[in-house]
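2 protein chains.
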Amino acid sequence: MVVKSELKLIKSLQQKKCRIEHGLFVVEGKKTIEEVVNSTIKLHKIFAVDSNGLVLKGVKVDKITTKELNQISSLKNPNGYLGVFYIPEKLDQIYSNWILVLDGVQDPGNLGTIIRLCDWFGITDLVCSKDTVDCYNPKVLQATMGSITRVNIHYLDLESYLNATKLPVYGTFMDGVTINKSKLPDKGIMVMGNEGKGISDTVTKLCSYKLTIPQFGGVTTESLNVASATAILLHEIRK
Amino acid sequence: MVVKSELKLIKSLQQKKCRIEHGLFVVEGKKTIEEVVNSTIKLHKIFAVDSNGLVLKGVKVDKITTKELNQISSLKNPNGYLGVFYIPEKLDQIYSNWILVLDGVQDPGNLGTIIRLCDWFGITDLVCSKDTVDCYNPKVLQATMGSITRVNIHYLDLESYLNATKLPVYGTFMDGVTINKSKLPDKGIMVMGNEGKGISDTVTKLCSYKLTIPQFGGVTTESLNVASATAILLHEIRK
Numbered sequence: 001m002v003v004k005s006e007l008k009l010i011k012s013l014q015q016k017k018c019r020i021e022h023g024l025f026v027v028e029g030k031k032t033i034e035e036v037v038n039s040t041i042k043l044h045k046i047f048a049v050d051s052n053g054l055v056l057k058g059v060k061v062d063k064i065t066t067k068e069l070n071q072i073s074s075l076k077n078p079n080g081y082l083g084v085f086y087i088p089e090k091l092d093q094i095y096s097n098w099i100l101v102l103d104g105v106q107d108p109g110n111l112g113t114i115i116r117l118c119d120w121f122g123i124t125d126l127v128c129s130k131d132t133v134d135c136y137n138p139k140v141l142q143a144t145m146g147s148i149t150r151v152n153i154h155y156l157d158l159e160s161y162l163n164a165t166k167l168p169v170y171g172t173f174m175d176g177v178t179i180n181k182s183k184l185p186d187k188g189i190m191v192m193g194n195e196g197k198g199i200s201d202t203v204t205k206l207c208s209y210k211l212t213i214p215q216f217g218g219v220t221t222e223s224l225n226v227a228s229a230t231a232i233l234l235h236e237i238r239k
Numbered sequence: 001m002v003v004k005s006e007l008k009l010i011k012s013l014q015q016k017k018c019r020i021e022h023g024l025f026v027v028e029g030k031k032t033i034e035e036v037v038n039s040t041i042k043l044h045k046i047f048a049v050d051s052n053g054l055v056l057k058g059v060k061v062d063k064i065t066t067k068e069l070n071q072i073s074s075l076k077n078p079n080g081y082l083g084v085f086y087i088p089e090k091l092d093q094i095y096s097n098w099i100l101v102l103d104g105v106q107d108p109g110n111l112g113t114i115i116r117l118c119d120w121f122g123i124t125d126l127v128c129s130k131d132t133v134d135c136y137n138p139k140v141l142q143a144t145m146g147s148i149t150r151v152n153i154h155y156l157d158l159e160s161y162l163n164a165t166k167l168p169v170y171g172t173f174m175d176g177v178t179i180n181k182s183k184l185p186d187k188g189i190m191v192m193g194n195e196g197k198g199i200s201d202t203v204t205k206l207c208s209y210k211l212t213i214p215q216f217g218g219v220t221t222e223s224l225n226v227a228s229a230t231a232i233l234l235h236e237i238r239k
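If you're matching them up, the sequences are chains A and B in order.
Residue numbers for the first sequence follow full-length UniProt numbering, so the first one is 1 and each next one is one higher.
Residue numbers for the second sequence follow full-length UniProt numbering, so the first one is 1 and each next one is one higher.
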């Protein structure tokens with residue numbers, strides 16, 4: 001049995017303002033919980049319907065009923081485990097040689113996939129505009145598959161950040177130079193825009209290089225999904 | 001007002017067996033409905049809460065109440081429009097120079113994204129194993145953004161299909177040759193595997209070339225999302 005006030009608190013963490021207020025976020029799914037526990041992120045509490053299934057040495061697990069879990073889970077079909085962790089303190093320093101910048105990405109699944117891509121391609125710093133979806137949103141965490149523990153995510157004012165950088169700033173546009181003909185340097189910043197509107201006008205002015213992923217043939221697809229475009233660009237950066 | 005039996009029929013189309021039985025599938029979202037109406041796919045009926053919002057010349061639109069739409073929609077927040085279309089007849093011929101093959105992809109969002117990628121990269125034929133998620137699943141259609149009208153999707157027995165082909169068969173594996181060092185031909189078949197298990201043993205035996213997308217650094221990410229990997233491979237094919 002979990003006390004009511006605690007259930008209420010955990011459920012409230014589905015909202016960004018409550019996550020900020022309490023400095024906590026929720027992770028669901030056995031495998032991802034195990035990955036986060038084994039990272040530098042500090043554990044608050046773990047709840048499990050059947051605690052024997054978790055392989056976590058020296059970690060206390062609280063029992064929860066299926067009914068209670070259903071009440072607090074953000075999933076339609078909760079899968080038996082829920083972990084509550086402390087949001088890590090923000091790192092001010094950005095160290096990557098290549099930095100990915102997101103300007104207003106809204107879809108949690110896209111952000112989750114992009115964090116996973118950063119992890120795969122060794123991009124340790126991801127800078128997000130303040131209107132990008134929160135990285136501790138439950139749907140983002142579901143899509144990251146634990147990669148969130150290995151990528152530093154910074155929410156910054158992009159105008160100030162890009163004005164201050166000495167790195168070359170690349171942006172992806174419909175009318176840029178084809179990526180197939182561009183030679184990318186060893187260090188830089190790659191900006192990806194919002195799903196519908198692309199990169200904002202303010203940020204466009206701060207991009208020194210405009211890139212495009214060429215479409216094949218003359219079909220009418222409007223645009224690549226932002227996560228698919230990021231996959232291709234990070235692959236090109238690391239080639 | 002829509003009659004009850006019709007509401008029941010449309011709701012049933014969320015299930016694959018009912019889609020097959022009736023030869024119909026459902027599309028939600030104004031923009032996608034417009035795209036499908038303007039394609040070769042045959043329209044059955046369109047329902048709209050406010051029919052004035054649709055730009056469809058000479059197409060009859062049936063009025064539906066918000067309550068009725070909520071009953072039959074597969075979305076948590078239906079957006080005012082629902083179209084019912086006839087599943088196109090299967091094309092037996094496969095014409096693309098490059099053909100993408102999916103071996104057991106399960107996630108509807110991944111299949112939707114992959115169909116959209118095929119459209120962008122001019123891959124007109126997508127061959128799916130029979131256990132791949134159905135392309136008329138509502139969540140797949142939501143992710144395709146209308147690309148479904150421009151990609152021929154075939155559900156085949158992969159063993160027979162790959163045994164019969166004269167094209168070179170490439171598969172993506174964890175232990176293949178890095179894609180950065182591979183020169184791809186003008187024609188071929190690219191096989192992508194299931195999200196968790198990769199390519200099945202039977203199909204692995206039929207792949208003549210094993211490819212890998214190299215990971216950067218020595219981090220512990222397990223794998224690229226199958227849609228992200230597909231984005232990178234199709235980009236490489238078309239370069």
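Treat each hint with caution, since some may be false.
No distinction is drawn between identical chains; accordingly, a pair holds when it is met within one copy or between any pair of copies.
[Stated by the list, open to error] Computed list of lysine-lysine pairs in DSSO-like fashion (alpha-carbon distance at most 30 Å, straight line):
#, residue 1, residue 2
1, Lys8, Lys205
2, Lys139, Lys183
3, Lys17, Lys183
4, Lys197, Lys30
5, Lys205, Lys181
6, Lys67, Lys4
7, Lys30, Lys187
8, Lys181, Lys76
9, Lys197, Lys16
10, Lys166, Lys17
11, Lys60, Lys8
12, Lys57, Lys197
No lab work stands behind these hints: they were computed from the structure.
Do the hints match the structure? See the list:
Taking the shortest Cα distances, lysine 8 and lysine 205 never come within 30 Å of each other, neither inside one copy (45 Å) nor across copies (53 Å). In this assembly of identical chains, lysine 139 and lysine 183 lie within 30 Å of each other by CA distance neither inside one copy nor across copies; the values are 35 Å within and 38 Å between. Proximity of lysine 17 to lysine 183 under the C-alpha cut-off of 30 Å is found in neither arrangement, the shortest distances being 42 Å within a copy and 50 Å between copies. Only between protomers do lysine 197 and lysine 30 lie at most 30 Å apart by alpha-carbon distance; the minimum there is 18 Å, versus 36 Å within a single protomer.
Taking CA atoms no more than 30 Å apart as the test, lysine 205 paired with lysine 181 passes inside one copy only; the shortest distance there is 22 Å, against 36 Å between copies. Taking identical chains as interchangeable, the C-alpha atoms of lysine 67 and lysine 4 lie at most 30 Å apart only when both belong to the same chain, with a minimum of 12 Å there against 34 Å between chains. With identical chains, the CA atoms of lysine 30 and lysine 187 are never at most 30 Å apart, being 37 Å at best within one copy and 42 Å at best between copies. For a Cα distance limit of 30 Å, the shortest separation of lysine 181 from lysine 76 qualifies neither inside one copy, at 46 Å, nor across copies, at 44 Å.
Proximity of lysine 197 and lysine 16 under a CA criterion of 30 Å is satisfied intra-copy only: 24 Å inside one chain copy versus 34 Å between copies. For a Cα distance limit of 30 Å, the shortest separation of lysine 166 from lysine 17 qualifies neither inside one copy, at 34 Å, nor across copies, at 58 Å. For the homomeric pair lysine 60 and lysine 8, the shortest alpha-carbon distance inside one copy (21 Å) is at most 30 Å, but the shortest distance between copies (49 Å) is not. Proximity of lysine 57 to lysine 197 under the C-alpha cut-off of 30 Å is restricted to the inter-copy arrangement: shortest distance 28 Å between copies versus 47 Å within a copy.
Violated hints, listed in ascending order, are 1, 2, 3, 7, 8, 10; each of the other numbered hints is respected by the structure.
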